[in-house]
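Undergrad: Sequence:
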Amino acid sequence: HSPVTGVVKEITKVYHPVLGKPDNAIVIERQGEDSWQLLEPQKPYEKFEPQEIIERIKEAGIVGLGGAMFPTNVKLTPPKEKKIDLLIINGAECEPYLTVDYRLMLEKSKELVRGIRALMKALGVTKAIIGIENNKPKAIDEMKRVSKGTGIEVATLKTKYPQGAEKQLIYAITKRIIPSGGLPMDVGVVVQNVGTAYAVYEALEEGKPLVERAVSITGEAVQEPVNVIARIGTLASELIKLAGGIREEEVDRVVFGGPMMGIAVPRVDIPIVKGTSGITVMPKEVIPPKESYPCIRCGSCFMACPMNLQPFALNLYATNRLYDKAVEIGLMDCIECGSCSYICPANIDLVKNIKLAKKVYRTLKGGKR
Numbered sequence: 379h380s381p382v383t384g385v386v387k388e389i390t391k392v393y394h395p396v397l398g399k400p401d402n403a404i405v406i407e408r409q410g411e412d413s414w415q416l417l418e419p420q421k422p423y424e425k426f427e428p429q430e431i432i433e434r435i436k437e438a439g440i441v442g443l444g445g446a447m448f449p450t451n452v453k454l455t456p457p458k459e460k461k462i463d464l465l466i467i468n469g470a471e472c473e474p475y476l477t478v479d480y481r482l483m484l485e486k487s488k489e490l491v492r493g494i495r496a497l498m499k500a501l502g503v504t505k506a507i508i509g510i511e512n513n514k515p516k517a518i519d520e521m522k523r524v525s526k527g528t529g530i531e532v533a534t535l536k537t538k539y540p541q542g543a544e545k546q547l548i549y550a551i552t553k554r555i556i557p558s559g560g561l562p563m564d565v566g567v568v569v570q571n572v573g574t575a576y577a578v579y580e581a582l583e584e585g586k587p588l589v590e591r592a593v594s595i596t597g598e599a600v601q602e603p604v605n606v607i608a609r610i611g612t613l614a615s616e617l618i619k620l621a622g623g624i625r626e627e628e629v630d631r632v633v634f635g636g637p638m639m640g641i642a643v644p645r646v647d648i649p650i651v652k653g654t655s656g657i658t659v660m661p662k663e664v665i666p667p668k669e670s671y672p673c674i675r676c677g678s679c680f681m682a683c684p685m686n687l688q689p690f691a692l693n694l695y696a697t698n699r700l701y702d703k704a705v706e707i708g709l710m711d712c713i714e715c716g717s718c719s720y721i722c723p724a725n726i727d728l729v730k731n732i733k734l735a736k737k738v739y740r741t742l743k744g745g746k747r
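Using my numbering, read the sequence shown as starting at 379 and increasing by one per residue.
Honestly, the hints are just simulated from the structure, not real lab data. Among the hints, erroneous ones may be present.
For lysine-lysine, the following DSSO-like pairs were computed, each having C-alpha atoms within a straight-line distance of at most 30 Å [stated by the list, open to error]:
#1 K458 to K486
#2 K553 to K538
#3 K516 to K536
#4 K743 to K730
#5 K391 to K743
Please model the entire structure based on the sequences and the hints provided.
TA: Written out as structure tokens, the structure is:
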């Protein structure tokens, strides 16, 4: 779906903020006022059959808006042998600086409930739980207020990182443990993001495809951090202007996403994509020293890892290209949260090396896990 009314100017290579390299992109030249072609019909979710909800979600181009961008319609159609009994809505938003989900829960709470109810209907479940960290008391109170009598519960979670990671969220709410190499459906759960639930409401009841999303323009190196609704494909440079611009002398890097799991980009004339929850502009003083030292085997990364992995050992195998050895001790179970790199006293970028090792291993295996 085009986010604007216009004509295709060219198809060219544009830097992709998730892939980290140039990729094919359609450049659209805007013409006049937007003229929307809405999805038909627009009606209350109650009047849609479950399969119709799934088809509308697919037609609207809705994906996971927490960052993974996995097609939502696929998540809603698990294999028949996977019995789903619970929908979890991720409202934890544990990534520092980002507040788009928080604002959605405050300002679009009623619409969110309708989107969640639609997802419940599509899955055939009678229960949903919204997980929200306890540093968001206003959102907790608001979602509890609007969820009464709907089959939707609000779980108040401890504020800690990475509480919003899928496996950690499921365990915090249900105590169910996803096996190594497994998926949430293996423990009877489907997880959707707050933003995704709102997009589902818009697609069903307003006929609106996913052409825009909420984005946090934030970080200590922007003048006035702000949350905006931005069209997919808008350049980061244009959005940063809405935050008063950058304090040029203070900038160390610009990150698509948050400072822990986001991806640093080489410039700001890069378009946002459906999974862009924020643009974080980081000043020099909050970035750790860049000089690294040999690992001192202190075990800090092991203690910090939410997956109970040994990042120091994964890093050792990765840097020595012993990828099969790394896989044996859990390489592919790493959720790339960055906790190990953050805590490392030797300033080793452990998560970067682990991510690279995962990529190389997949390539060696022909793209397979």
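Undergrad: Hint by hint, note whether the structure agrees.
TA: Cross-check of the supplied hints:
1. K458 to K486: Cα-Cα ~34 Å, so violated.
2. K553 to K538: 17 Å, holds
3. K516 to K536: 15 Å, holds
4. K743 to K730: OK: K743 and K730 at ~20 Å, within 30 Å.
5. K391 to K743: Holds - the C-alpha atoms of K743 and K391 are around 27 Å apart, at most 30 Å.
When each numbered hint is compared with the structure, a violation occurs for hint 1 only.
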